[in-house]
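Protein chains in written order, with our numbering: chain A, 2 to 158; chain B, 1281 to 1788.
Keep in mind that the hints are not guaranteed to be accurate.
Unchecked claim - Covered by chain B, per the in silico footprint, the following chain A stretches (three or more residues, Cβ under 8 Å):
{"#": "1", "segment": "17-23"}
{"#": "2", "segment": "62-73"}
{"#": "3", "segment": "79-88"}
{"#": "4", "segment": "114-121"}
{"#": "5", "segment": "125-132"}
{"#": "6", "segment": "136-143"}
No lab work stands behind these hints: they were computed from the structure.
This structure is a prediction, so every number in the text was calculated from the model and none was measured.
The C-beta atom is built at its ideal place from N, Cα and C for all residues, glycine as well.
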Amino acid sequence: MDPQRLLAQLLCQYEGMPGGLLPLLQAIQEDFGFIPRESVPAIAQVMNLSAAEVHGVISFYHDLRTEEAGRHTLQICCAESCQAAGGRALEARAQEVLGIGFGETTGDGAVTLEAVYCLGNCACSPSLRIGNNTWARVDTALLDSLIAQLRSAEVLS
Amino acid sequence: MTTRYFIPRDTTALAVGAQSVADALSQALQGQEDVTIVRNGSRGAFWLEPLLEIERNGERVGFGPVSVADVPTILALGPSDQAGHPLYLGPVEAHPWFAGQQRLTFARAGLDDPLCLEAYLARHGFDGLEHAVHLPQADIVDEITRSGLRGRGGAAFPAGIKWRTVMEAAGDEKYVVCNADEGDSGTFADRLLMEADPYQLIEGMAIAGVAVGARQGYIYLRSEYPHAWDVLHKAIAKAEAAGYLGEGICDSDKHFHLELRLGAGAYICGEETALLESLEGRRGMVRAKPPLPAHQGLFGKPTVVNNVLTLAATSSIMADGAEAYAALGAARSLGTLTVQLAGNIRRGGLVEVPYGMSLRELIEQFGGGTRSGRPVRAIQVGGPLGAYLPESLWDTPLDYEAMAAVGGMLGHGGVVVFDDTVDMAEQARFAMAFCAQESCGKCTPCRVGSVRGVEVIDRIIAREEPEQNIDLLHDLCDTMEAASLCAMGGLTPHPVRSALRHFPQDFN
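Bound-form chain A, shown alone (with noise of 0.2 Å):
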């Protein structure tokens, strides 16, 4: 659908449901990838708000971004439970195997390295997601192989 057309159908869609903004960001970002800058006049004046205040909840939370990001984005979870059980090493080492830091993309546009904290995996620590999949239990072997994969641009599963 022409992206304008699409924008258009999402502010229709929230327009009235209360408290509506966050999950109007949300489905934007569901079907753009990322929130366009330029949607957010249009945004601030279909939720009655200013163009700071739209800015300022995009700004505030980490799983919303303004710009695309890589094909597919790991996130490594670098909370206490997976501190314990190795966790550390992996932050590093994806860093290091991917040459990047978290919050970036990879030159060849395939990875987005992200810190996550926390996703309730913490029994089987330490833990890492890509897309809707969780891996848990994961060494360096497993972590290097999940990386050759992304930027093999191989469907995980």
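Model the placement of chain B on the given structure of chain A, informed by the hints.
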């Protein structure tokens, strides 16, 4: 007679390979008559996942942890020779890990397909709501008050008192909000419940709605839980279609609508007022209290905000009575305690026991020590804002007051085990860094204090005037504790100070 095979669809079970086991199972059973594969929730014994259970002739036995390669060897077994298989566990309830527990809130977890309404009803589901819709509001609130139920999110506030406040508040428009933003590392009880027994939460929310006079409820679920989202989304639709949500619930004149909302990756939104701001579509900034949410909550209206487990527990209280619930537990901590064994642990998972068991008993009896095989050195109880406890404190009974007396906090029941390779100065630094990362920024002690905290700990680690800097760190902790607006800044000193007090050798 149909043979039923159970293989969980829970997040952790999937993370350790349950899907490939399910695929192998369905391939192997293709063409066979009288067999069903049930994708159940998990029972919470995550160390046994993927846990495959087989039910024939009314007998249900488990095998675990099962890999794809084990599937043909298990399917080749006859009913008489299965006990000889190395992964055979027998009837799972009778396994020592479960036999030592008292499952109440999690009694149904893992038994059935979580979305099967008939299975929920067959296990006395919606009995509590059916009972509640015919009672005066005050009687429901009384029942909850007499049960002694306290909030399970961490603050342990008596649920009955909160409900009474909202019930008595003026106005027609009230809300029930479920805090499903389970952000504490080492906790997964809410996730497990939502994925394994979603109707229990829905039932509890409807009971709360009927009790306080709210017609609208919201579940605020964190975005890190995509499987829970999927299950809840479908469960709400099925409960609506069956008349347990919506207009005239359970054929009464009571109405309760329920909507699922998704968080966006902000730890602070687990704080109830930040959660309400987020639900209203704003930045998740903490509100000053008073006014309490019970007086002015969501959209400025009286609002019950309860944790997943608190709301879920009300269903069995309304079904079985306050006395049955209060008969469990000790002192002022009544009912059951949900502990999540996490971190460097051999037998991680969800343990539901009466209050009062000690940390040592839990770690030894259920946890089986560390996964690394090295000695346990520190245990963090109660999430990122909880204290690190040394061995000398592991005999403390696990209830709210006893934990508080040793400078700890039970919180949401997360127990994260660290072995002797842990560097406690690094853990103290992380507590401050996490606070800096996740602070909403509204109050200075938290926003600025956490950043300064990281800097001071860095200087201590670098041996720059360590004594003066340790004094400074204590001073900073005093300020954060006394002057922060909410528990984020106010309790971050807990892990920091406990590391300093109990593990001073790591700082010099």
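Cross-check of the supplied hints:
1. Under a criterion of three residues with beta carbons nearer than 8 Å to beta carbons of chain B, the stated coverage of the segment 17-23 of chain A is upheld, 5 such residues being counted.
2. As drawn, the segment 62-73 of chain A meets chain B at 4 residues by the rule of a beta-carbon pair under 8 Å; at three or more, the given contact holds.
3. Only residues whose beta carbon comes within less than 8 Å of a beta carbon in chain B count, and the segment 79-88 of chain A has 7; three or more means the coverage holds.
4. Taking a C-beta to C-beta cut-off of 8 Å, the segment 114-121 of chain A contributes 5 residues in contact with chain B, enough for the three needed, and the coverage statement holds.
5. Under a criterion of three residues with beta carbons nearer than 8 Å to beta carbons of chain B, the stated coverage of the segment 125-132 of chain A is upheld, 4 such residues being counted.
6. For the segment 136-143 of chain A, the assignment as covered by chain B holds, since 3 residues bring a beta-carbon within under 8 Å of that chain's beta-carbons and 3 suffice.
When held up to the earlier numbered hints, the structure conflicts with none and fits them all.
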